[in-house]
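Model the full assembly from the supplied sequences, consistent with the hints where possible.
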Amino acid sequence: MFDELRDLYQEVIFDHNRNPRNFRVIEDADRQVDGFNPLCGDRLTLYLKMDGDVIKDASFQGSGCAISTASVSLMTEIIKGMTAQQAEELFKKFHEMTTGKDDNLQLEALGKLAVLAGVREYPARVKCATLAWHTLDAALQNQHTPVSTE
Amino acid sequence: MTTFPIEKIRADFPILAEKIRGKDLVYLDNAASCQKPNAVIDAISDLYRHDYANIHRGVHTLSVRATDKFEGARTKVKDFINAASEKEIIFVRGATEAVNLVAQSYGRANIRAGDEILITAMEHHSNIVPWQLLCEQTGAVLKVAPINLKGELIYDEFEALLSDKTRLVAVAHMSNALGTINPVGRIIAAAHARNIPVLLDGAQAIPHMKVDVRALDCDFYVFSGHKLYGPSGIGVLYGKQALLEAMPPYQGGGDMIRKVTFEKSEYNKLPYKFEAGTPSIADVVGLGAAIDYLNAIGMDSIATYEAELLDYATEQARKIKGLRIIGEAEHKGAILSFVLDNIHPHDIGTMLDSLGIAIRAGHHCAMPVMDFYGVPATARASFAMYNTRAEIDVLMQGIESLIKVFG
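Going line by line, the protein sequences match chains A and B.
Here our numbering is used: the first residue of the first sequence is 1, the next is one more, and so on.
Here our numbering is used: the first residue of the second sequence is 1, the next is one more, and so on.
Treat each hint with caution, since some may be false.
[Stated by the list, open to error] Simulated pairs of lysine-lysine, DSBU-like, Cα-Cα distance not exceeding 35 Å: (1) K404(B) / K112(A); (2) K404(B) / K93(A); (3) K56(A) / K112(A); (4) K269(B) / K259(B).
I should point out that these hints are in silico values taken from the structure, not numbers from a laboratory.
Here it is as structure tokens:
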């Protein structure tokens, strides 16, 4: 019945929505930033534990739609062990993928995150996918003010 | 379902024949904005094709024709809400601008530091924020009457909040997020017993029921054209003449003046005093055509038909496991707000859209209502006179299917 939505709602997304990874608080987090999408009411708090410049641990709390929950869940998995700079570079690629500006983008470079490429066709849902990454960006730049996608 | 001419009505709305993602459109976002009948579309295009010029200006024929149509629409609005005079009908951009006009003109002139403005917990942001701005400017205090879990105003608490300091009551006639129809008769009587004027936000109520401002005895009534099957960008402020006469102008410019010198300007009479600048002429004419169209069907027939639709939708929705209706007031208009266990409203919205069904997912510009129910957002199906039971069946099947997909 929802065949044409298969690109948007891939099974991986349902899986992360049902069982979000790293859905917990890091008590001794070095970075903690809130992200908020006022349009849909998606809300998350991102926690990072740093070891120098390396993201040693990442977790989140909050509530949102399947796209935003899967996006932040996947993000916390993939950024663990990355340097801040590597994570920022991935954010740039992710942003390009979801806003569809680069037709030649190599989805392979995004690994598992490629399951979120489908939002390109749904402009109303792009912010759901990017909220987690904007919040990460703020955390890496050591900002403390809440991030809003509006 | 009775003898309501549903097939004829549907045929009058060309957009209802659109295919969305290959499916028949099921348009259930009417509380956000209604679709337009041919009568409205044609009235606008006829004006531009045959009768358009600026109004209240020229002696030439087209200006006279445009002015006649424009002022004719004002009379239609006056009759539609049973106002006493055309002087009480002010054209603005929409309900939001009308509330802002009252806040800035009536409010700035009459409300002082320590005074209170009383609203309810179910208001749309446009009946909250203009008062907050006024409070910041004057030092007045905004008071909020609470609602119960069914989404009804707790009337006794409302009445208890009416005090010697209350200078204005501003209440939704019908809630956009919950569908609740407020007991406006009691509200107005209680406020008037203390000489407090009442503004009713009629944006949601006006397409669903007969509104008689003199029977209600409200002091201000505001609504938007686009929710009444008319154009967007046009709305109405009704105000009792004596109140409007005493109020200072809201904006300055052409049409609202009688005489201008650099020393002083003399303001025009009502309603023009509040209509600075060239208005949205064609949209006013379009609104007049929408009112003619509705009168031909009859607001009472529309109300009866929609009440049956809402009853049917509510009954069907209650059968769906994991669906919770948000807003179950005894007295309610054709809005079905709901949430599903573990499925975010935005996912519901996207999934239903792929089936051709347009609903609203979000906070409905009523964030305090969402906070009250502890939800980030709701999904909202809002009905109009052109919707059918068959469309409600499509909606319910869609909801059942997406629940299965999310598992």
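Hints, one by one, checked against the model:
Only pairs whose Cα atoms come within 35 Å are accepted, and K404(B) paired with K112(A) is accepted, the gap being roughly 25 Å. For the hint linking K404(B) to K93(A), the alpha-carbon distance of about 34 Å falls within 35 Å, and the restraint holds. Our distance criterion of 35 Å between C-alpha atoms is met by K56(A) and K112(A), whose separation comes to about 20 Å. With a C-alpha separation of about 11 Å, the suggested pairing of K269(B) with K259(B) holds against the 35 Å cut-off.
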